[in-house]
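*Asks:* Respectively, the protein sequence lines represent chains Y and A. Heads up: the first sequence runs through residues 1 to 439, numbered per UniProt numbering. Heads up: the second sequence runs through residues 1 to 439, numbered per UniProt numbering.
Hints in this document: simulated from the structure, not taken from any laboratory. Any given hint could be a false lead.
[What the hints assert, rightly or not] Simulated coverage check for chain Y against chain A, where a stretch passes if three residues somewhere in it have a Cβ under 8 Å from a Cβ of chain A: (1) 21-33; (2) 136-147; (3) 300-311; (4) 314-320.
[Said to hold, decoys possible] Straight-line Cα separation of at most 16 Å, EDC-like style, residue types lysine to aspartate or glutamate; simulated pairs: (5) K328/A <-> E122/A; (6) K328/Y <-> D3/A; (7) K328/A <-> D3/Y; (8) K438/Y <-> D280/A; (9) K173/A <-> D273/Y; (10) K438/A <-> D280/Y; (11) K173/Y <-> D273/A; (12) K6/A <-> D75/A; (13) K173/Y <-> E184/Y.
[As the list claims (entries may be wrong)] One-sided and incomplete, this derived list gives chain Y residues near chain A with beta-carbon spacing under 10 Å: (14) A2; (15) R36; (16) E131; (17) D273; (18) D280; (19) A285; (20) S290; (21) D291; (22) R334; (23) L338.
Virtual Cβ for every residue (Gly too), placed ideally from N, Cα, C.
Number of protein chains: 2
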Amino acid sequence: MADALKIGVAGLGTVGASLVRILQQRANALAVACGRSIQVTAVSARSRDKDRGISMDGIAWFDDPAEMARDADIDVFVELIGGAEGSADLSVRAALNRGLHVVTANKALLARCGVELAQMAEAKGVLLNYEAAVAGGIPVIKTLRESLTGNNFSRIYGIMNGTCNYILTRMEKESLTFEACLQEAQRLGYAEADPTFDIEGNDTAHKLSILTTLAFGSEIAADSIYLEGISNISIEDIHAARDLGYRIKLLGVAQRTESGIEQRVHPTMVPLDSVIAQVDGVTNAVALESDILGELLMVGPGAGGNATASAVLGDITDIAKSRPGAQKVPVLGRPAHLLEPYRQAAMQSHEGGYFIRLTVQDRTGVFASIASNMAANDISLESIVQHSKQAARPGQHQTIILVTHATMENAVRRAVAAIKQEGYLVGEPQVIRIERPKG
Amino acid sequence: MADALKIGVAGLGTVGASLVRILQQRANALAVACGRSIQVTAVSARSRDKDRGISMDGIAWFDDPAEMARDADIDVFVELIGGAEGSADLSVRAALNRGLHVVTANKALLARCGVELAQMAEAKGVLLNYEAAVAGGIPVIKTLRESLTGNNFSRIYGIMNGTCNYILTRMEKESLTFEACLQEAQRLGYAEADPTFDIEGNDTAHKLSILTTLAFGSEIAADSIYLEGISNISIEDIHAARDLGYRIKLLGVAQRTESGIEQRVHPTMVPLDSVIAQVDGVTNAVALESDILGELLMVGPGAGGNATASAVLGDITDIAKSRPGAQKVPVLGRPAHLLEPYRQAAMQSHEGGYFIRLTVQDRTGVFASIASNMAANDISLESIVQHSKQAARPGQHQTIILVTHATMENAVRRAVAAIKQEGYLVGEPQVIRIERPKG
Numbered sequence: 001m002a003d004a005l006k007i008g009v010a011g012l013g014t015v016g017a018s019l020v021r022i023l024q025q026r027a028n029a030l031a032v033a034c035g036r037s038i039q040v041t042a043v044s045a046r047s048r049d050k051d052r053g054i055s056m057d058g059i060a061w062f063d064d065p066a067e068m069a070r071d072a073d074i075d076v077f078v079e080l081i082g083g084a085e086g087s088a089d090l091s092v093r094a095a096l097n098r099g100l101h102v103v104t105a106n107k108a109l110l111a112r113c114g115v116e117l118a119q120m121a122e123a124k125g126v127l128l129n130y131e132a133a134v135a136g137g138i139p140v141i142k143t144l145r146e147s148l149t150g151n152n153f154s155r156i157y158g159i160m161n162g163t164c165n166y167i168l169t170r171m172e173k174e175s176l177t178f179e180a181c182l183q184e185a186q187r188l189g190y191a192e193a194d195p196t197f198d199i200e201g202n203d204t205a206h207k208l209s210i211l212t213t214l215a216f217g218s219e220i221a222a223d224s225i226y227l228e229g230i231s232n233i234s235i236e237d238i239h240a241a242r243d244l245g246y247r248i249k250l251l252g253v254a255q256r257t258e259s260g261i262e263q264r265v266h267p268t269m270v271p272l273d274s275v276i277a278q279v280d281g282v283t284n285a286v287a288l289e290s291d292i293l294g295e296l297l298m299v300g301p302g303a304g305g306n307a308t309a310s311a312v313l314g315d316i317t318d319i320a321k322s323r324p325g326a327q328k329v330p331v332l333g334r335p336a337h338l339l340e341p342y343r344q345a346a347m348q349s350h351e352g353g354y355f356i357r358l359t360v361q362d363r364t365g366v367f368a369s370i371a372s373n374m375a376a377n378d379i380s381l382e383s384i385v386q387h388s389k390q391a392a393r394p395g396q397h398q399t400i401i402l403v404t405h406a407t408m409e410n411a412v413r414r415a416v417a418a419i420k421q422e423g424y425l426v427g428e429p430q431v432i433r434i435e436r437p438k439g
Numbered sequence: 001m002a003d004a005l006k007i008g009v010a011g012l013g014t015v016g017a018s019l020v021r022i023l024q025q026r027a028n029a030l031a032v033a034c035g036r037s038i039q040v041t042a043v044s045a046r047s048r049d050k051d052r053g054i055s056m057d058g059i060a061w062f063d064d065p066a067e068m069a070r071d072a073d074i075d076v077f078v079e080l081i082g083g084a085e086g087s088a089d090l091s092v093r094a095a096l097n098r099g100l101h102v103v104t105a106n107k108a109l110l111a112r113c114g115v116e117l118a119q120m121a122e123a124k125g126v127l128l129n130y131e132a133a134v135a136g137g138i139p140v141i142k143t144l145r146e147s148l149t150g151n152n153f154s155r156i157y158g159i160m161n162g163t164c165n166y167i168l169t170r171m172e173k174e175s176l177t178f179e180a181c182l183q184e185a186q187r188l189g190y191a192e193a194d195p196t197f198d199i200e201g202n203d204t205a206h207k208l209s210i211l212t213t214l215a216f217g218s219e220i221a222a223d224s225i226y227l228e229g230i231s232n233i234s235i236e237d238i239h240a241a242r243d244l245g246y247r248i249k250l251l252g253v254a255q256r257t258e259s260g261i262e263q264r265v266h267p268t269m270v271p272l273d274s275v276i277a278q279v280d281g282v283t284n285a286v287a288l289e290s291d292i293l294g295e296l297l298m299v300g301p302g303a304g305g306n307a308t309a310s311a312v313l314g315d316i317t318d319i320a321k322s323r324p325g326a327q328k329v330p331v332l333g334r335p336a337h338l339l340e341p342y343r344q345a346a347m348q349s350h351e352g353g354y355f356i357r358l359t360v361q362d363r364t365g366v367f368a369s370i371a372s373n374m375a376a377n378d379i380s381l382e383s384i385v386q387h388s389k390q391a392a393r394p395g396q397h398q399t400i401i402l403v404t405h406a407t408m409e410n411a412v413r414r415a416v417a418a419i420k421q422e423g424y425l426v427g428e429p430q431v432i433r434i435e436r437p438k439g
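Given the sequences, and given the hints that come with them, work out the whole structure.
*Replies:* Put into structure tokens, the structure is as follows:
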């Protein structure tokens with residue numbers, strides 16, 4: 001049997017503690033599967049005294065993760081600190097500079113400087129694995145990076161934020177408001193005290209940017225993503241979606257178009273009978289559409305200590321099974337210096353179906369005015385319905401729901417702006433994009 | 001750049017021809033991703049003259065695949081001949097004996113002698129990859145073998161035969177009989193002229209046996225699988241399932257129990273609102289349940305030239321990215337000599353919910369008799385309903401549907417046998433097992 005693979009774990013939160021426990025408890029089974037044993041020989045965390053249910057025998061302690069990366073007796077540096085800057089960034093760079101393999105779950109770091117880190121890893125001939133950075137336990141990185149090499153992708157999309165999916169699921173199932181479900185998610189630990197990063201789509205955007213690079217071979221462009229969160233989704237939208245045969249999910253979507261690559265994160269109507277519409281609660285899902293394979297959908301836990309630790313463990317066992325420097329999986333699917341510049345498709349040119357909900361004053365000619373504004377912008381309608389169940393009484397507000405056939409984003413924006421000028425709208429119009437599986 | 005990886009392809013049917021075309025057309029992109037070029041240098045098939053849309057420049061032709069395996073100038077032998085014996089078997093053994101890497105899509109061959117072939121590959125230090133053998137384009141082999149190393153599995157199950165899923169989907173959607181849908185499947189090329197192997201579950205069983213070994217670390221035991229096909233599923237069953245909130249799918253299921261490992265292939269009721277219930281038509285799906293990750297479900301194309309070629313291509317690019325002899329992924333998840341003997345759980349001890357459909361003569365006391373026979377066997381009922389929509393007129397037959405809570409298979413068999421003795425049954429009782437996602 002080959003020498004043991006020595007692991008240093010930086011960050012002993014839920015994921016890090018789970019990982020070390022699993023590596024210790026399953027040492028024998030892992031040694032059988034990998035042909036060598038895997039030993040945790042160093043750890044680094046903030047508080048040394050906390051009881052994490054881990055045996056510290058034979059494990060060196062470092063207060064500073066960068067010092068651990070530079071000096072510890074390890075072959076693999078596992079970064080579970082998190083954050084795009086600071087000690088996560090410093091320690092990963094130190095590890096790569098030293099020629100250590102690196103495993104990280106840090107989507108923010110990769111979104112910010114993944115290409116640079118990939119170049120460092122490739123220059124040193126080491127592996128940089130990051131399965132846990134996107135969609136937790138779902139092996140989407142390995143699938144894109146290894147299984148689907150040679151495929152040309154047309155679109156990838158997914159539910160990549162459990163907090164948002166939990167909130168949207170609860171809103172629909174219990175007819176609760178966004179605020180009520182957010183509070184519940186916070187109480188259950190599914191949402192942070194400051195939930196902005198999740199509910200406004202930034203977390204999904206980080207993950208999407210990594211998948212975009214793997215699928216389309218372009219440089220990571222996390223700052224060029226169109227972002228809309230779920231905080232203005234109302235229970236009325238969810239009910240109207242359901243009546244029309246749709247369900248609302250926060251999707252991250254990357255799509256190849258003639259003018260470049262679209263990257264967008266927004267609330268999305270998906271058909272009620274699609275597989276992805278059934279993905280409930282904190283579960284994640286990622287769909288990959290390519291020319292050779294067709295469509296592949298993976299559904300699984302997107303977060304949580306154990307599920308994330310499972311992904312990190314897979315990255316570590318991959319390293320344990322290969323001989324040092326022998327496996328040449330390019331970090332980002334192709335060598336980092338061969339990635340193409342990201343060519344951004346303008347959101348104005350996005351083409352798709354749209355759901356538009358308008359609250360209007362009940363007066364003569366409103367229907368006709370809306371319809372003619374749509375026609376004036378070449379928007380063809382799949383349906384136009386008055387949504388309220390009972391007939392509105394004169395003087396009341398009415399809700400009108402439009403669903404368009406495939407049309408251009410800028411046409412919809414122009415039409416909605418024109419309708420706003422007409423003076424009969426009450427409040428802001430709601431516009432939600434529709435996304436259909438390839439099928 | 002390293003030397004080119006030389007590929008010999010045995011079998012130029014739909015998959016083989018797709019594969020060679022893709023390797024030729026995407027040569028540049030593949031070379032970038034793999035850090036070396038991949039060249040098809042030899043092929044073998046039955047008919048040399050057939051036009052397959054492939055350039056034969058620089059490709060040596062072999063009439064005999066075993067001869068190609070022994071003599072051709074190749075690094076990787078790709079077996080796409082099919083069949084558990086004969087030239088597929090002979091040529092794969094010849095290739096492994098020579099120390100070539102082998103890629104195969106041959107589930108029947110692996111089900112019959114996969115452990116032996118794994119031992120040969122491991123003795124020579126070569127890779128034996130077979131992603132396409134199970135669930136076509138879904139990367140379930142790689143996920144089990146690499147991503148989830150260290151997980152302990154409790155259950156794996158899936159829709160692994162597109163023919164059966166197509167037929168069941170059509171029966172439900174169009175209210176057609178099994179026979180009508182089978183004929184349609186044959187006309188569309190989704191079913192063979194002799195469909196027995198697909199519709200009676202043997203094909204699913206082959207695939208399941210491979211997944212069982214990867215998940216549970218036991219020797220392949222394809223002959224120890226409980227088998228029930230879909231040919232006696234009626235449209236009445238499908239409608240009754242739907243009314244009760246279920247859908248019928250042919251599942252392969254492997255499950256760890258106290259008495260051993262269950263392997264079973266049978267028509268199965270899955271909850272209508274589960275993700276797997278939405279998997280329609282020829283699409284496949286595989287669910288993996290393990291203690292660290294939780295549940296992972298993968299949905300994708302299970303067959304077809306391109307989807308299968310995509311899986312074969314992933315296997316080839318994995319070899320291209322590694323240095324010869326450098327990567328030590330055990331063929332079956334752990335070294336073949338460390339696989340445990342398969343310990344079969346008796347089907348009689350299977351525990352789960354059951355759907356039981358009885359057609360009975362309409363006479364006094366039948367309901368009571370059925371209920372007391374169930375009670376006598378300690379079977380607790382979730383529901384017992386008379387299924388016909390209109391009230392039955394006296395003298396007519398009635399349909400009675402029972403759904404049980406979790407119970408033992410042998411209790412159900414005893415109860416059904418006792419009910420048959422009562423003399424009021426018309427025709428055979430229908431018994432369908434219920435399977436619930438972990439959720």
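*Asks:* None of the hints should be skipped; say for each whether it holds.
*Replies:* Evaluation of the provided hints:
1. 21-33: holds (count 6)
2. 136-147: Coverage by chain A holds for the region 136-147 of chain Y (7 residues, Cβ < 8 Å).
3. 300-311: Check passed, 8 qualifying residues.
4. 314-320: holds (count 3)
5. K328/A <-> E122/A: holds, 9 Å
6. K328/Y <-> D3/A: holds, 14 Å
7. K328/A <-> D3/Y: holds, 14 Å
8. K438/Y <-> D280/A: Judged against 16 Å, a Cα distance of about 13 Å means the pair holds.
9. K173/A <-> D273/Y: OK: K173/A and D273/Y at ~13 Å, within 16 Å.
10. K438/A <-> D280/Y: Status holds; Cα separation ~13 Å.
11. K173/Y <-> D273/A: holds, 13 Å
12. K6/A <-> D75/A: holds, 5 Å
13. K173/Y <-> E184/Y: This hinted pair holds, its Cα atoms lying about 14 Å apart.
14. A2: holds, 8 Å
15. R36: holds, 9 Å
16. E131: holds, 7 Å
17. D273: holds, 7 Å
18. D280: Cβ of D280/Y sits 9 Å from chain A, so the hint holds.
19. A285: Nearest chain A Cβ about 8 Å off; hint holds.
20. S290: holds, 8 Å
21. D291: holds, 8 Å
22. R334: With a closest approach of 5 Å, the R334/Y hint holds.
23. L338: With Cβ-Cβ at 6 Å, under 10 Å, it holds.
Of the numbered hints stated above, none is contradicted by the structure.
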